[in-house]
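Chains L and A, in that order, give the protein sequences. Residues in the first sequence are numbered from 0 upward in steps of one, following numbering that gives the first Met the number 0. Residues in the second sequence are numbered from 0 upward in steps of one, following numbering that gives the first Met the number 0.
These are computed hints drawn from the structure, not numbers from a lab. Note that beta-carbon positions come from the ideal geometry of N, C-alpha and C, so glycine has one too. Be careful, since some hints might not be right.
Unchecked claim - When the alpha-carbon atoms are kept at most 20 Å apart in a straight line, the in silico DMTMM-like pairs for lysine to aspartate or glutamate are as follows:
{"#": "1", "chain 1": "A", "residue 1": "K25", "chain 2": "A", "residue 2": "D77"}
{"#": "2", "chain 1": "L", "residue 1": "K61", "chain 2": "L", "residue 2": "D155"}
{"#": "3", "chain 1": "A", "residue 1": "K182", "chain 2": "A", "residue 2": "D130"}
{"#": "4", "chain 1": "A", "residue 1": "K182", "chain 2": "A", "residue 2": "D204"}
{"#": "5", "chain 1": "A", "residue 1": "K101", "chain 2": "L", "residue 2": "D155"}
{"#": "6", "chain 1": "A", "residue 1": "K101", "chain 2": "L", "residue 2": "E175"}
{"#": "7", "chain 1": "A", "residue 1": "K251", "chain 2": "A", "residue 2": "D204"}
{"#": "8", "chain 1": "A", "residue 1": "K182", "chain 2": "A", "residue 2": "E207"}
{"#": "9", "chain 1": "A", "residue 1": "K118", "chain 2": "L", "residue 2": "E175"}
To be verified - Chain A residues, not near chain L, derived (Cβ > 10 Å throughout):
{"#": "10", "residue": "E17"}
{"#": "11", "residue": "A64"}
{"#": "12", "residue": "G83"}
{"#": "13", "residue": "P84"}
{"#": "14", "residue": "M113"}
{"#": "15", "residue": "F137"}
{"#": "16", "residue": "V158"}
{"#": "17", "residue": "L178"}
{"#": "18", "residue": "V242"}
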Amino acid sequence: MTSSTGINYGRWLRRGGSIAICLLAWQLASTLHLNLGIVTFANVPSPVDVAQALFAFAHSPKLFAHVSSSLERVFAGYLIAAIVGVTFGLVIGRSRAAADFLLAPLELLRPIPAVAWIPLAVLMFPSSELSMIFITFTGALFPILLNTIHGVESVDPRLIAAARSLGSTRRAMLFEVILPGAAPNIVTGLAIGMGTSWFCLVTAEMISGQFGIGYYTWESYTLQNYPEIIVGMVLIGILGMGSSILLRLAGSALIPWHRKEEAR
Amino acid sequence: MNTHQRILRSETGRVSAEHLSIRLGKGKQAFEAVSDVSFSVAPGEFVCLLGPSGCGKSTLLGALAGHIGIAEGSLTVDGAPVRGPHPERGMVFQHHTLFPWKSARDNVAFGPKMRGVGKEQRRREALRMLDLVGLNGFADRYPGQLSGGMQQRVEIARVLVNQPLLLLMDEPFGALDALTRLKMQELLLGIWEQFRKTILFVTHDIDEALFLADRIIVMQAQPGRIHEEITVPFERPRMTDIVASPEFSRLKRHCLELLHDHKRTETLPRLTPLGLGKRI
């Protein structure tokens, strides 16, 4: 990685070139209306069309309305999932009784994909807004919960014994030993949960939304605005990636000892 | 402070075990790790527990720390039965148990924090202890940024800051290289001569036991019991050159004979101060 800059240029050139070739292939396939039998590019907009649509969308007031309503939903559902997941995870990981009592129903619900909740959620909640937040919450909850439980259970028992020997209070045991000990796993859970909550939100919006980037994508399909479909897809990718990067940054700020250990 | 220290020196840290048995494992796998052991340790005495693996020396230490319950007999410190872990019985493991997420200083300050000592005060105490173990200038490092020897120094500081009656050390230098180990032994003797806390030190290294201890309790396995007690006659403060003395060789040969006496072909399970742990 730290070799001469000339080699680095070469690598970036190859990477950039690879992307350029992909875009070119896409451009050709769509302009030639390439039909491969099982998949056809006849209705696929070209990258140039998409770029134009993206530019137009970026300058329209609708962008803010769609993006902000998606972000609000993800933020609300994900935040609740993070609080509930980490809290329950800590309790279940620490107490056998709580594990027996709480894990049974959760294990029954776990195999049901969050997306399968959509019809019932629409029936259960008074507004479609709440039902979408619920779907986002459900999607994020299990990765966060299970990783937290795993993290708590994998805290080195010697550290717990040492803390006891040093006169640790129950409170300190939880907040200064268990929680930081489980933190790397919790951060992993939060990162996976972020991905699944976006995935669930976009699906939920396609079905029951009025605004939101998932709704925008689906609406573009029904209105036959084909370039806008890909604009929606690109935006979903950017938003998902952006929130993952934010989360990784926050994660490494929360567990600085991890980073410093590596830097040794 | 001075009178306080003198009282500590003469009065506290007496350990007494009478007909002590400890059982580990559950159901069919249960076995007696320590069987009918009686011994006592005087306040301020440095005692090494020497024996082959599986002889119950670490188990005994774990019971004193309060991590392992006893089955029969009695185990007291200054007349009070041992019930659960307590800062007055400080434990140092073979591999450090520092909190990776706390700096060296905050690790050492953990005990005082649990006692409710204010932030300024406990930081000062921690720095003083780090100074004592020769880690001046490393207070802000995380454990992962320290060498093995330094980690054990922090571990010792973290225990000493609680002014324990008793220091329990389970092969604390066993994972260190020979030179670092020698330095750590000298450091420990220096600290011990300054504070005169009672120390129970588990090792399977005969040289280490002879260099450090006032008295060596040699144990044997299956069931874990005391084989012989050896008084180590060397003057203090001890210098490393005693290892070259004829008396040292004689005692070493004697210890070797004791340890070889009950040579077994089967390997015994590794016992830890937390019971039948796998991860220590």
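Here is what the structure says about each hint:
1. A:K25 to A:D77: 31 Å, violated
2. L:K61 to L:D155: 51 Å, violated
3. A:K182 to A:D130: With Cα atoms ~16 Å apart, K182 of chain A and D130 of chain A stay inside 20 Å; holds.
4. A:K182 to A:D204: The hint holds at about 15 Å.
5. A:K101 to L:D155: Holds. K101 of chain A to D155 of chain L sits at ~15 Å (cutoff 20 Å).
6. A:K101 to L:E175: 9 Å, holds
7. A:K251 to A:D204: Holds, at roughly 10 Å.
8. A:K182 to A:E207: 12 Å, holds
9. A:K118 to L:E175: 15 Å, holds
10. E17: Non-interface label on E17 of chain A holds, nearest chain L Cβ at 24 Å vs cutoff 10 Å.
11. A64: Check fails; 6 Å does not lie beyond 10 Å.
12. G83: 8 Å, violated
13. P84: 4 Å, violated
14. M113: Check fails; 4 Å does not lie beyond 10 Å.
15. F137: 13 Å, holds
16. V158: The claim is violated: V158 of chain A sits with its nearest Cβ about 8 Å from chain L, within 10 Å.
17. L178: 21 Å, holds
18. V242: Its Cβ never comes within 10 Å of chain L, the nearest being 32 Å, so this holds.
When each numbered hint is compared with the structure, violations occur for hints 1, 2, 11, 12, 13, 14 and 16.
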